[in-house]
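Student: Chain residues, written in single-letter form:
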Amino acid sequence: MTTFLTFTLLGLVLGAVYAIAASGLVLTYNTSGIFNFAHGAQAMLGTFLYWQLAHGWGWPVWLALIVVVGVVGPLMGAALHAVIMKGLRDTADVTRIVVTVAIMLGMVFLSQWLWHPEEARVVEMFFGANAKVEFLGVVVRVHEIICLLVAAAIAVGLRMLFTRSRVGLVMRGTVDDPDLIRLNGHNPDRVAALSWAMGSTLAVLAGILITPIGGGALEANALTLLVIDAFAAAMFGRLRSIPRTFVGAMVLGLAATYVTAYFPTDWTWAGNLRVSLPMIILFVVLVLLPQDRLRGAAIRTRERYRVPTVRRAVVWGAVLVAAVVLLMPLMEDTSITTFGLGMTFAIIALSLTLLTGYAGELNLAPLAFGAVATIVAFHFGITGTGLAARLTLWGILLAVLVAAVVGGLVALPALRLRGLYLALATMAFGVFLSNMVLRDTVEHTLFGVTFSLFPNGTLIVPPLQIGPLDLRDPGTLLITATALFAAIAVGLVALRGSGYGRRLAAMKDSPAATAMLGQDLVRLKFGVFMLSAAIAGLGGVLMSTASGSVAGENFAITAGLSLVMLTVVGGIGYVSGALFGGLMSGVGFVIIIGTFNDLAMATPEMAGIYKTLGQVVLVATALIGMGVGKNPSGLVHDLFDGYRTLRGARPVLAGGAAAGAVLYLLALTGVIGNWWFAILTVLLVTTLPAFGRALMPRAVLSEEEFARRRTVPPELAGIDEPYTDDLRDRLDRELGLPVREGRGGPRARPAVEEGDVHAIA
Amino acid sequence: MPLLETRGITVRFGGNIAVDEVSVGIEPGRITGLIGPNGAGKTTLFNTVTGLLRPDSGQVLLDGADITRLPPARRARLGLARTFQRLELFLSLSVRDNVRVAGDIRRAGGHRADVGKETDRVLELTGLSDIADLDVSGIPTGRARVVEVARALMTSPRVLLLDEPASGQTEAETDAFARLLTGLAADGLAICLVEHDLPLVMRLCSTIHVLDYGAVIASGTPREIQESPEVIAAYIGTEEVSA
Chain A
1 MTTFLTFTLL GLVLGAVYAI AASGLVLTYN TSGIFNFAHG AQAMLGTFLY
51 WQLAHGWGWP VWLALIVVVG VVGPLMGAAL HAVIMKGLRD TADVTRIVVT
101 VAIMLGMVFL SQWLWHPEEA RVVEMFFGAN AKVEFLGVVV RVHEIICLLV
151 AAAIAVGLRM LFTRSRVGLV MRGTVDDPDL IRLNGHNPDR VAALSWAMGS
201 TLAVLAGILI TPIGGGALEA NALTLLVIDA FAAAMFGRLR SIPRTFVGAM
251 VLGLAATYVT AYFPTDWTWA GNLRVSLPMI ILFVVLVLLP QDRLRGAAIR
301 TRERYRVPTV RRAVVWGAVL VAAVVLLMPL MEDTSITTFG LGMTFAIIAL
351 SLTLLTGYAG ELNLAPLAFG AVATIVAFHF GITGTGLAAR LTLWGILLAV
401 LVAAVVGGLV ALPALRLRGL YLALATMAFG VFLSNMVLRD TVEHTLFGVT
451 FSLFPNGTLI VPPLQIGPLD LRDPGTLLIT ATALFAAIAV GLVALRGSGY
501 GRRLAAMKDS PAATAMLGQD LVRLKFGVFM LSAAIAGLGG VLMSTASGSV
551 AGENFAITAG LSLVMLTVVG GIGYVSGALF GGLMSGVGFV IIIGTFNDLA
601 MATPEMAGIY KTLGQVVLVA TALIGMGVGK NPSGLVHDLF DGYRTLRGAR
651 PVLAGGAAAG AVLYLLALTG VIGNWWFAIL TVLLVTTLPA FGRALMPRAV
701 LSEEEFARRR TVPPELAGID EPYTDDLRDR LDRELGLPVR EGRGGPRARP
751 AVEEGDVHAI A
Chain B
762 MPLLETRGIT VRFGGNIAVD EVSVGIEPGR ITGLIGPNGA GKTTLFNTVT
812 GLLRPDSGQV LLDGADITRL PPARRARLGL ARTFQRLELF LSLSVRDNVR
862 VAGDIRRAGG HRADVGKETD RVLELTGLSD IADLDVSGIP TGRARVVEVA
912 RALMTSPRVL LLDEPASGQT EAETDAFARL LTGLAADGLA ICLVEHDLPL
962 VMRLCSTIHV LDYGAVIASG TPREIQESPE VIAAYIGTEE VSA
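Note that the protein sequences, when read in sequence, are chains A and B.
Numbered continuously in our numbering, the first sequence closes out at residue 761.
Numbered continuously in our numbering, the second sequence closes out at residue 1004.
There's no promise every hint is true.
What the hints assert, rightly or not - Only some residues are given here: those of chain B computed to face chain A with a beta carbon under 7 Å:
(1) ARG830
(2) PRO833
(3) LEU852
(4) ALA863
(5) GLY903
Bear in mind the hints are in silico, worked out from the structure with no lab data behind them.
Every residue, glycine too, gets a C-beta built ideally from N, C-alpha and C.
Extracted from the complex, chain B is given alone in its bound form (with noise of 0.2 Å):
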């Protein structure tokens, strides 16, 4: 039973459809992949599930409830959290305070916790504490994308769905950061990623949906999607993946 599922999203953007009738789900303990081209609608489906869009059609479950009408706010305080694309950092907050501020504000939702305590464990998992203490605007952009993940954390969540968070990551950060993901799927958070980077995808996930102009083409192991010919046809092309 998947903790987060769509039901037959569809987007459109004037004349353009962004999201074509997409029926996924997300389950706990697992991570699941979101692959496609740019412009696939993967971002878009990301909007519509976190509130940031309303979905012209179709609904959005969290844990059975219909949450499609919900204002985001209320949704990442059912345990819904996420990453940007485009990074949205705080960026007149030092990186510490980047994750810091997530527990403040659930703290002021009425949550009792150290949120200090808290933040320092976040940063010590996600292995940001050398750099807690500087300015976020001055980071690389690899490290902003775990700043990020950090932030999302500290919301202690349910679902948290990844915006390709690998992206101007270095070798060895894409490395500690598989790690990260597999530890926080081992403690039962369902998580979906959107990401580039294929083998990193085809090495994490247990189901993979590939999305092409708005619709899913695709969905199953990694190894089907490896082997679907639509697959390669529409978004591989000739190329062959190597996980």
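This is chain A alone, in the form it adopts within the complex (with noise of 0.2 Å):
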């Protein structure tokens, strides 16, 4: 009884700081309408803060809770709803989400810059661990007392705010229509600011109760995956309910105690269990949640993406092609090796272009997906052995099958709800499988099978062999991958124009308008969530041979995320932007910061300054995702656009490409070397464009543009232009008049540049 009654104290005080954290991430959201996923990274980065003040600087407890709690906290949410959040008005849910996980993932390098991950740290309990109460046979640590009241007294005084007091009011009220408030005289940025203060102080305040419940030392990633827990909790409340939370969170509390006291401690999967408990749970409220009303597209988004036709594609995939035959001759094996790798992260990229970009869903695990390949590929694809063993056609194929069918197992419970509950189920099921199955090292017998998933935590997995076609080589398998990736893409954008992509296109714009010409949402859902969870397993085995061996940390959920952090900064809408995605995440990073250790190396008496630069490009990369929020159609887009305008300038074209011939040369001639080829080649490439701008604005510049660079004053603009045909059939189309006879067909020139007015707004 007295073991009971313990263990049901200790789940509630785990409850009740999983509460605080939980009603911070609540608050946040229903006033800013934004889910952030930094969440529990804004509880790390505050404990780490904390730790550095009461324990490394030896400051006063209450001295180092002040500045942290009370000062750092609050400026810290203030200081991100001012600087971003407030500018993701207008975005889509995915540019959202993208954004607030690119702050997490910043947070974390910079963590990991500061407070180097190697060395130990301990955060103790508020007035040691022994100080304790005994109370009716039980023993309480006054740490435990200290998280209970704290709990109790958020839990009062949210309830107040939100019943009694009139900003409280306006909170409520703020996510739903911030313009009747502010026509109420309110300014819902400053109520928003405000939440954002009190989420990130109760995140903090989290953080700080929990790492010495946890026991062991402060580790950035665990307390990183608070937020999961949180969400777990907060969706007992559907995101909205503060009380319903506390409740979700005191549930979640006891399962998490409760399976550490009574499983039995030999079941190897029981420890796992613990920590996958909050997955679990969210996937159990997932399914019992009830449907969502439809939505229509009750805010204009600011994405926009050009579709190419399928020839374009072809053309440019076998540039593509062309282009790394070409290059070729400049790597050394070992780059070719790195390069062949980073393509099979573009083809895993590309399930998320087809998935984000085409039908507006997210899955922020697509490397989970490749994981479950993996391991069906290294357990029943392989034949031969030592150096002969080799991955066949039909292992893979089972392994992309299963890869499907797990995907759409995991999307099912998510899939009646928002595109955001999708998103958490995502992360939440790459959570459970770093947890679990990654985990899952030592061998043990289930109905008489002995086997484990991922045998001691490396899977070596053999090159694939299809008939003549052996990936042994690194120079065949890059080639290959280049082409499959080139194949995939080409195939989407068919994809893409076909009947099917115009539904997926038609679903993400409006759900409602969708329903409402007799499509079935769900069964739509399913399906794209599917295919692109097989391309997800495709990318993930080639991965898994590209590497010749893998761990756990391959499949890291961090390692996905930035993968989709990246691929949307690179153009979520595009299958270019899924290249430039999986290159930078896959190696880009890996080579950038492999450079600098190798300078530190070379010169030793500039170390310091190589390895914090390496350190800073990690967290640039970060701030990069961060600024998706203010360019969501991604770089390439832009790119796009620029050399869209030298279409008329042909010379500029001309002299571009005849600068990269001469680049290619002087590198293939060994006259500059690789690192000078390629920052050279990706200026001349970036710049292009403003070349074209400079040298013939005439060709290059729309006639509004190029008249608004001249002299005349800004109101005459175009007033000694002659009044045309041509622009009176276009002022007429933009009045809505009927376009005279004869002239004006369908073929017209568009009557509408981009960028103009959105008359329907």
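Using the hints, put the two chains back together into the complex; each one sits in its own frame.
Tutor: Laid out in structure tokens, this is it:
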């Protein structure tokens, strides 16, 4: 009985901390409409800072608490709102999620830079672990009592805030209709800033309270994933109700301690089960939640993508393969291997182009499906042993099939709900996989079969062989992966232009209108998610064979998140965005950091600076991700726009091509190094449109812009232009007047330039 | 015998009654008008009929069958189509593809047809051929409303619910639109028109229902409605309506 009471109490304490974290999450979500994936990372940063002050520098605990919880917590929230969140109005869910994911990654990188991960740091309980009180035979630590009291105080405080105070009432209204709030004389921005400050404070508080309870050293990733426990709790209240969130948190806390207490210790899964519990509960709640109301496109989002024709996609696919073939003589064997690995990441990223770019749904754990496929391929797809071992085509096909089926199962509970829930479900699946499947390294017997899913923690995946095609040679692997990327990319472009692709686009733009045309949305989402999981699975198996051996860390949730982030940065609506995202997250940073490390080794007196630069690059990646809020259509979109203007300026294009050829020859003959070649080529490609504008403004700039550049006062711009029939037709169309006879058929020049007035808004 | 019928539909939002015991019928081959001040519950009634909202009580019948609990997509496949007051166009698609995708959905549902040819026919019928290849995000509101109608027609509906289709249209556009609706009704389509352009409603509709505070306060021919003292008092005020 005493044992039971003890564990119940421990469960309540854990639940209390979950509740503190979760209520902060619910608070910010409800006032700003942004689900903060960085919530756990904020808790983590705050806790590290607290450790630094109280333990590192030996400040008194009360002073450290005041500084961290009272000052840094609110400031961090307010700063996030002012710098980033405020700019996220009129963006799609995907953009909002990716921005907070980027903040999360940035905070993790930052903490690993400031506090070296291998040093052990212990945050102690308040008044020490030995300060105890005995009550009904149960021994309670003072720290635990403090947790319960703080949670109770927060519950009462939030209740008072929402029901008794004016600002609380406004907070409840903000997300529903900011304009209405403004009409009533309130400032929704100030209210949102306040709620971000409060949410951030609650996160920091939860981090400081929970770290000593969990025991062990302070660890950045573990604390960051506190957000998953928090959102599992928040799910009980549909991310809306704080009282129900508290109930959910208690259920979660109790379940976690009971699993630790009563599951047989020799059952190897029990330890992992404890960690995965939030995710399992999350799925149960997802299944039980009632269906969402269908939404229309309530907001006009800023994201815009152009769809290339299939023929153009084929041409560019061929160009890509040719470019890779041309680059191969420049590269050493190790670089070829790395490049091939990056190309397999790009294939995984294509799964995101389909799912997110075309269908508007989100998968935050693409690598998890790669892991599923890799495990299947490892167990069932290998023939031969030792050096002669090969992965078979059938093995890959089976792996891809299983990845698709698992994808369907993961997505199914969330498909009836809004996109955010699918994002949460996939992230939870990624964490679950890392915790349970990839840690299933010891053999065990189930139903008479002895096996382990991830034997010894490392899988050796041999090269693929299909008939005469043997991917043992890195060059062959690179070319094959590139050709496969190109083929899938062309396939996706063709898909986007087909009836299926139009249905996906319709669903993404307005679910309500699509349903009213007779489309079963759940079925459509289910199908596209399975297809996307299959592509991720294929890319994942290839990634594993390209690496040769893979461990759990290869499929870490943060790696998947940075792939998602960089693909969105590149341009989630474009297959070329996937190429950018895959290459950058797969190998780009490895190369850049490796280069800085090499430089540090070569010049020891500069080592400090180079190492710092390497860290800065990591944090900078996350900064780029946060920039998605400013430019939600992605980098390649801007690049395409630049080149679109160059169509009239052939000499500039020819000059660019010539310069590229010269660079290539210089690199081939060894006059310039590979790094210079890469840097100069990137520079050339990105600045060519600017050259075009400077050299041939008449051909490149639009008429309006050209006129603007001249010295005529702005109000007279264009006054000396002749009033042509073209302009007249255009004015007619802008005004919605009927088209005059004999002109302006469907093939006439588009009346509306991109970026013009959106008359429907 | 009405093709689409509501029986005692009631919808509450919290303490507010948005739709109060509404029973109306829409007949094939005719245009039925639904008018009333802003907030009278017209769009809420549409949302209930099309399945975006569940009523707190009451029934929706299509061709005599109870469809109250069917999801929107099933109702659409049974022949219910609508347009939206706040436009719900697919902004990443061209005008043609906005219309075409409705055919794509039907095809995926097992209906065999030449979607491309059908799209061209509907674009021609609705007078959209000249802007078919433009981005839908750039066209004026008046024509965007016609795109919504064209998209709805592409599903070969039996009942068409139009939510303020003429707002934002020029006079010329409204005339063409009125001819289109008359033609569609003559072909046997049951049309329900929610519209604030009263002269247009009076000209097109054979029956008009007037909603106020969620309840039907008058039903009848345009003439009866114009002469109804309740309607004049509650909705139109002191001004006389001219047809």
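Student: Given B:ALA863 was flagged as interface, is its beta-carbon under 7 Å from a beta-carbon of chain A?
Tutor: holds, 5 Å
Student: Should the interface hint for B:LEU852 be scored as holding, given a Cβ-Cβ cut-off of 7 Å against chain A?
Tutor: holds, 5 Å
Student: Hold the hint about B:PRO833 up to the distance rule: shortest CB distance to chain A must be less than 7 Å.
Tutor: Holds, about 4 Å.
Student: Taking 7 Å as the limit, does the beta-carbon of B:ARG830 come near enough to a beta-carbon in chain A?
Tutor: This hint is violated: B:ARG830 lies away from chain A, its Cβ roughly 12 Å from the closest one there, beyond 7 Å.
Student: Please verify that hint: B:GLY903, Cβ, nearest Cβ of chain A, below 7 Å or not.
Tutor: Holds, about 5 Å.
Going through the hint list in order, the structure does not satisfy hint 1, though it satisfies all others.
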